[in-house]
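Visitor: Sequence:
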Amino acid sequence: MYRSSMRHSPTPDRSHGPVDLCPMHLRTMLTSLALALVGMSSTPIASAAPADLKIATYNVFLFSRNAYPNWGQQARADLIKADGVLAGQDVVVLQEMFDNETSERLLANLSDAYPHQTPVMGRSRSGWDSTQGSYSNTVPEDGGVAVVSRWPIAEKIQYVYKDACGWDNQANKGFVYVKTMSPNGPVHVLGTHMQADATRCTVPEAPIRAKQLDEVVTFLKAKAIPADETVVFAGDLNIDRSAPEYTDALRRLNARTPESTTGHPFSFDPQTNSISMDRDKGHPRQQLDHVLLLNGHAGPARWNNETRMIHSPKWTVSSWGKEYSYTDYSDHYPVFATAN
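Going by the UniProt record's numbering, the residue at position 71 of the sequence shown is 71; the numbering climbs one at a time, nothing skipped.
Read the hints as simulated data drawn from the structure, not as lab findings.
Ideal Cβ placement from N, Cα and C applies to all residues, glycine included.
Among these hints, one or two may not hold up.
[What the hints assert, rightly or not] The calculated BS3-like cross-link candidates involving lysine-lysine, where the alpha carbons are at most 27 Å apart (straight line), are: (1) K221 x K162; (2) K221 x K211; (3) K281 x K223; (4) K179 x K221; (5) K156 x K54; (6) K179 x K54; (7) K211 x K223; (8) K81 x K162; (9) K211 x K179; (10) K314 x K81; (11) K281 x K322.
[To be verified] Restraint ranges, calculated between C-beta atoms of paired labels, are given here: (12) K162 x K314: 39 to 45 Å; (13) N66 x K322: 18 to 24 Å; (14) H283 x T262: 21 to 27 Å; (15) K211 x Q74: 31 to 37 Å; (16) D52 x P115: 18 to 24 Å; (17) P115 x D248: 36 to 42 Å; (18) Q132 x G321: 46 to 52 Å; (19) I310 x A227: 32 to 38 Å; (20) K314 x T202: 16 to 22 Å.
Work out the full structure: start from the sequences and follow the hints.
Guide: Right under this line is the structure:
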């Protein structure tokens with residue numbers, strides 16, 4: 001689905017007499033005031049988190065091999081480890097860990113660097129301190145999200161969103177909350193994979209994502225995390241950074257816009273990624289994956305999201321007697337967030 005970027009009208013010039021407050025001018029002034037107020041509230045509180053905090057998110061496209069046997073899931077899980085794709089982070093959020101055996105393989109591959117891990121959300125209630133939201137024992141697919149950390153994890157919660165449409169209705173998708181214990185104090189991370197744009201949806205997807213964000217906000221209010229502790233919201237939001245929906249998401253979450261975004265401009269790019277080129281040719285290039293700091297909590301003065309257009313060694317699969325070769329670890333590129 002194509003999304004256009006929002007344009008703002010110029011601010012009225014007050015140097016030439018009274019301004020006619022027509023509805024368009026009034027809306028513009030109110031929008032400017034709202035953005036100014038958000039900016040005032042986004043001043044970071046002195047942080048107890050490490051000054052060089054590093055958090056990554058990666059949609060690894062590990063679909064079930066029963067339904068999708070020809071996407072090299074196990075080979076890619078090994079390449080991600082062998083090539084150090086996710087090396088050097090404090091916390092990593094993983095999405096689309098749907099294939100049971102391969103997701104466990106990837107978690108095991110990452111365990112040397114990230115010994116503290118959650119299970120894959122929505123697969124069972126085991127291994128969690130709490131299961132919340134609309135968890136179902138009958139849907140055929142789990143939520144595909146897991147979090148791994150080099151720091152101890154003091155608390156693990158899985159939360160399944162109440163609202164979904166299309167294929168997402170058949171999965172326990174939601175978010176994982178972890179309280180990690182850095183040497184400087186707690187760092188709270190919420191990792192998610194939100195409602196996808198899907199042809200099987202009979203209702204618009206954006207309002208569903210808005211409801212999911214509201215569930216995140218309600219959860220955080222109940223947690224009452226102290227202001228001097230860092231809170232990070234990360235994952236595949238299925239919201240393009242250039243769309244008005246992204247601005248609305250920041251508003252709902254009271255999240256900071258990263259002070260800089262570097263690297264490749266798209267985390268989902270059918271023009272440069274061999275897997276998405278094959279699966280989603282003609283789809284728009286989008287920045288769907290984000291690592292956001294929440295306002296009202298400790299955090300570095302500046303925050304950067306870097307999308308790395310990394311390619312894998314060639315791997316080959318066969319289907320119906322024909323071979324297919326690809327040079328990517330996933331159909332998304334990973335995003336690495338750092339203080340800068």
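Visitor: So does Q132 sit 46 to 52 Å from G321, Cβ to Cβ?
Guide: For Q132 and G321 the Cβ distance comes to about 48 Å; the hint holds.
Visitor: Assuming the hint says 18 to 24 Å, is it satisfied by the Cβ distance from D52 to P115 or not?
Guide: The hint (18 to 24 Å, Cβ to Cβ) holds, given that D52 and P115 are roughly 20 Å apart.
Visitor: The hint says 39 to 45 Å between K162 and K314; measuring C-beta to C-beta, is that right?
Guide: Once the Cβ atoms are compared, 43 Å apart, the range 39 to 45 Å for K314 and K162 holds.
Visitor: Would you mind confirming whether the straight-line C-alpha gap from K156 to K54 stays at or under 27 Å?
Guide: holds, 20 Å
Visitor: Between the alpha carbons of K179 and K54, is the straight-line distance 27 Å or under?
Guide: holds, 15 Å
Visitor: Between K221 and K211, does the CA-CA distance stay at or below 27 Å?
Guide: Answer holds: K221 to K211 is near 15 Å, not above 27 Å.
Visitor: Starting from K211, check that the Cα of K223 is at most 27 Å away, please.
Guide: holds, 19 Å
Visitor: For K281 and K223, compute the direct alpha-carbon distance and say whether it is at most 27 Å.
Guide: Answer violated: K281 to K223 is near 42 Å, above 27 Å.
Visitor: Holds or violated: the 16 to 22 Å window for the beta-carbon distance between K314 and T202?
Guide: Taking Cβ atoms as reference, K314 and T202 lie about 40 Å apart, which means the hint is violated.
Visitor: Measure nothing beyond the straight line between the CA atoms of K221 and K162; if it is 27 Å or shorter, mark the hint as holding.
Guide: Holds, because 17 Å separates the two Cα atoms, which is no more than 27 Å.
Visitor: Hint says 36 to 42 Å; check whether the CB-CB distance for P115 and D248 agrees.
Guide: holds, 38 Å
Visitor: Decide if the proposed pair is consistent with the structure: K211 and K179, CA atoms, cutoff 27 Å inclusive.
Guide: Holds, at roughly 24 Å.
Of the numbered hints stated above, those contradicted by the structure are hints 3, 8, 20, listed in ascending order.
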